[in-house]
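Colleague: Residues 7 to 83 in the working numbering are what the sequence shown spells out, letter by letter.
Among the clues, some could well be false.
Stated by the list, open to error - Cut-off 25 Å, straight-line C-alpha distance, at most; resulting in silico cross-link-like pairs (SDA-like, lysine to any residue):
#1 Lys44 - Ala19
#2 Lys40 - Asn7
#3 Lys54 - Glu20
#4 Lys40 - Arg13
#5 Lys83 - Ile49
#6 Lys24 - Glu34
#7 Lys29 - Ala19
#8 Lys83 - Thr72
#9 Lys75 - Gln57
#10 Lys51 - Asp30
#11 Lys37 - Trp21
#12 Lys29 - Lys75
#13 Lys29 - Leu18
#14 Lys59 - Phe8
#15 Lys40 - Tyr16
#16 Lys24 - Phe71
#17 Lys25 - Gly77
#18 Lys82 - Leu18
#19 Lys60 - Gly22
#20 Lys37 - Phe71
#21 Lys40 - Val55
#22 Lys25 - Ile81
#23 Lys24 - Lys75
#24 Lys41 - Arg13
#25 Lys44 - Phe8
#26 Lys25 - Ser74
#27 Lys24 - Val11
#28 Lys41 - Ser80
#29 Lys44 - Tyr70
#30 Lys73 - Gly22
#31 Lys24 - Ile36
#32 Lys75 - Ala39
#33 Lys25 - Val9
#34 Lys24 - Lys60
#35 Lys60 - Gly12
#36 Lys37 - Ser74
#37 Lys51 - Tyr16
Hint data in this document are derived by calculation from the structure and do not stem from the laboratory. Please read these numbers as outputs of a predicted model, since none were measured by experiment.
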Amino acid sequence: NFVLVGRGIYALAEWGYKKGTVKDVIEEIIKAAKKPLKRDEIIGKVLKVRQVKKSTIVINLNNYFTKSKSGTYSIKK
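Given these sequences and hints, build the entire structure.
Modeller: Structure below.
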């Protein structure tokens, strides 16, 4: 079973990769942390599991997540 991990790049699911969009990956990361995270923390964690541009991650953060005054991101309610 193959999983898309970047633009045109696939990996085997048995290697520990999970299906999902960048948005899904960010959501999982924030849920696992059980607290809002800073942008650079999220970018670092996403890049460990997906081969995407940093700008793709930032666009997803800006479009789908809530940014606090302190600069941390959380899941929109």
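Colleague: None of the hints should be skipped; say for each whether it holds.
Modeller: Quick rundown of the hints versus the structure:
A distance of roughly 28 Å separates the Cα atoms of Lys44 and Ala19; the hinted pair therefore is violated under the 25 Å criterion. Between Lys40 and Asn7 the CA atoms are separated by roughly 30 Å; this puts the pair beyond 25 Å, and the hint is violated. A threshold of 25 Å between alpha carbons decides the hint, and for Lys54 with Glu20 the separation of about 16 Å falls inside it, so the pair holds. Taking the CA atoms of Lys40 and Arg13, the gap is near 29 Å; set against the 25 Å cutoff, the hint is violated.
Only pairs whose Cα atoms come within 25 Å are accepted, and Lys83 paired with Ile49 is accepted, the gap being roughly 21 Å. With a CA separation close to 11 Å, the supplied pair Lys24 and Glu34 stays within the 25 Å bound. For the given pair, Lys29 sits about 19 Å from Ala19 by alpha-carbon distance, which is consistent with the 25 Å threshold. The hinted pair formed by Lys83 and Thr72 meets the criterion: a straight-line CA distance of about 9 Å does not exceed 25 Å.
Proximity of Lys75 to Gln57 is assessed by CA-CA distance (about 29 Å); at most 25 Å being required, the pair is judged violated. At most 25 Å may separate the alpha-carbon atoms for a hinted pair to count; Lys51 and Asp30 meet this at roughly 13 Å. A threshold of 25 Å between alpha carbons decides the hint, and for Lys37 with Trp21 the separation of about 22 Å falls inside it, so the pair holds. For the suggested pair Lys29 and Lys75, the alpha carbons sit about 21 Å apart, so the restraint of at most 25 Å is met.
Between the alpha carbons of Lys29 and Leu18 the distance comes to roughly 20 Å, so the proposed pair stays at or under 25 Å and holds. Of the pairs offered as hints, the one joining Lys59 and Phe8 holds, with about 21 Å between alpha carbons and a cut-off of 25 Å not exceeded. Proposed proximity of Lys40 and Tyr16 is contradicted: the alpha carbons are some 29 Å apart, above 25 Å. Our distance criterion of 25 Å between C-alpha atoms is met by Lys24 and Phe71, whose separation comes to about 21 Å.
Note on Lys25 and Gly77: the hinted pairing is violated, with a Cα-Cα distance of about 28 Å set against a maximum of 25 Å. The straight-line distance between the Cα atoms of Lys82 and Leu18 is roughly 31 Å, outside the 25 Å bound, and the hint therefore fails. Taken as a hint, the Lys60 and Gly22 pair is honoured in the structure, with Cα atoms around 22 Å apart against an allowance of 25 Å. Simply put, Lys37 and Phe71 have alpha-carbon atoms about 12 Å apart, close enough for the 25 Å limit, and the pair holds.
Using a Cα cut-off of 25 Å, the hinted pair Lys40 and Val55 holds, with the two alpha carbons roughly 19 Å apart. About 19 Å separates the Cα atoms of Lys25 and Ile81, which keeps this hinted pair within 25 Å; it holds. For the given pair, Lys24 sits about 32 Å from Lys75 by alpha-carbon distance, which is inconsistent with the 25 Å threshold. About 29 Å separates the Cα atoms of Lys41 and Arg13, which puts this hinted pair outside 25 Å; it is violated.
The hinted pair formed by Lys44 and Phe8 fails the criterion: a straight-line CA distance of about 31 Å is larger than 25 Å. As the CA atoms of Lys25 and Ser74 are separated by approximately 28 Å, the hinted pair breaks the 25 Å bound. Annotation: proposed proximity of Lys24 to Val11 holds, straight-line Cα distance about 9 Å (limit 25 Å). Taking the CA atoms of Lys41 and Ser80, the gap is about 7 Å. The hint holds against a cut of 25 Å.
Of the supplied pair hints, the one linking Lys44 and Tyr70 holds, its CA atoms being roughly 15 Å apart against a limit of 25 Å. Taking the CA atoms of Lys73 and Gly22, the gap is near 29 Å; set against the 25 Å cutoff, the hint is violated. Distance hint between Lys24 and Ile36 is fulfilled; the C-alpha atoms sit about 16 Å from each other, no more than 25 Å. In summary, the hint linking Lys75 to Ala39 is supported, as the alpha carbons are separated by about 19 Å, within the 25 Å threshold.
Among the hinted pairs, Lys25 with Val9 is consistent with the structure: their alpha-carbon atoms are about 6 Å apart, no more than 25 Å. Proposed proximity of Lys24 and Lys60 is supported: the alpha carbons are some 19 Å apart, at most 25 Å. Proximity of Lys60 to Gly12 is assessed by CA-CA distance (about 12 Å); at most 25 Å being required, the pair is judged to hold. The suggested pairing of Lys37 with Ser74 holds, with an alpha-carbon distance near 16 Å, which does not exceed 25 Å.
This hinted pair checks out: Lys51 and Tyr16 have alpha carbons roughly 18 Å apart, not beyond 25 Å.
When the structure is compared with the earlier hints, violations turn up for hints 1, 2, 4, 9, 15, 17, 18, 23, 24, 25, 26, 30 and for no others.
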